[in-house]
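Asker: Protein chains in written order, with this note's numbering: chain A, 1 to 132; chain B, 1001 to 1132.
Read the hints as simulated data drawn from the structure, not as lab findings.
Cβ atoms here follow ideal geometry from the backbone N, Cα and C, with glycine treated the same way.
Please note that the accuracy of each hint is not assured.
[Stated by the list, open to error] Here chain A is said to cover these stretches of chain B; the calculated rule only asks that three of the stretch's residues, wherever they fall, bring their Cβ under 8 Å from a Cβ of chain A:
hint: 1; stretch: 1033-1040
hint: 2; stretch: 1055-1066
hint: 3; stretch: 1069-1078
There are 2 protein chains.
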Amino acid sequence: MELTAIGHIERTENGNYIVVDERYAEGLLGIEGFSHIVVMYWLDKNDTPEKRAILQVHPRRDMQNPLTGVFATRSPVRPNPIGLATCELLSIDGLRLQIGATDAFDGTPVVDIKCYTGEDAARGKARYPGWL
Amino acid sequence: MELTAIGHIERTENGNYIVVDERYAEGLLGIEGFSHIVVMYWLDKNDTPEKRAILQVHPRRDMQNPLTGVFATRSPVRPNPIGLATCELLSIDGLRLQIGATDAFDGTPVVDIKCYTGEDAARGKARYPGWL
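Turn these sequences into a full structure, and let the hints guide you.
Answerer: Here it is in structure tokens:
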């Protein structure tokens, strides 16, 4: 199960961007119709055997939060270091998509972009643990 | 950028399950606090060089829908065939998580589980193209 970067994150003083590789340009057709996109990152700084072996964390690195399995968190440390974020799509200039706030680092590989369909927005009844 | 399955989907007459591999059991601690989880699948049936090269589709395989870049869709055909779904977490029995509706096939590898934080639910102002 091998991933290939389709672009990368670029952080500048003027804003945050996803820069898509030229060979994937056709994949962007119609993306301007969406106000938000779902972005999957490869959390390359956490792609080490040691970090990928970590299965429990204190969420948000706050020792006050209970030790929790990584699958019950959004921790960037996990067996498959894929980050996930819904980003506002502010503008498009060719292969450069300007996005809103992101906590991804400059240079982080992007492995997928999906449209944000709002399907999750209907889940008003979701339940969360106390630490969240 | 190599992924490892952390479990797989099991579809039965009695329900749908994520069966987590024994070696990742510790990663589940605290997941019972969530009503919903975000699941990433490896869409193994689409993991061929031919399918991974497809960059434009008619969404939902409906020719009435405009030809659209895969990054502006939820198509299972894309350069990195990762599927994404928010699933209701119905019950937990050891390594078996019973989930609600899913369109994943029986046996589909699961590559990540994250908690559903509801952060997207606030985006009442999202905009979508006509085909959605």
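Asker: Mind checking, does the stretch 1033-1040 of chain B have 3 or more residues with a CB under 8 Å from chain A?
Answerer: holds (count 7)
Asker: When I compare C-beta atoms, does the stretch 1055-1066 of chain B have three or more residues closer than 8 Å to chain A?
Answerer: holds (count 3)
Asker: Under 8 Å between beta-carbons, do enough residues of the stretch 1069-1078 of chain B, three at least, approach chain A for the coverage claim to hold?
Answerer: holds (count 7)
Violation of the numbered hints given earlier is absent; every hint is satisfied by the structure.
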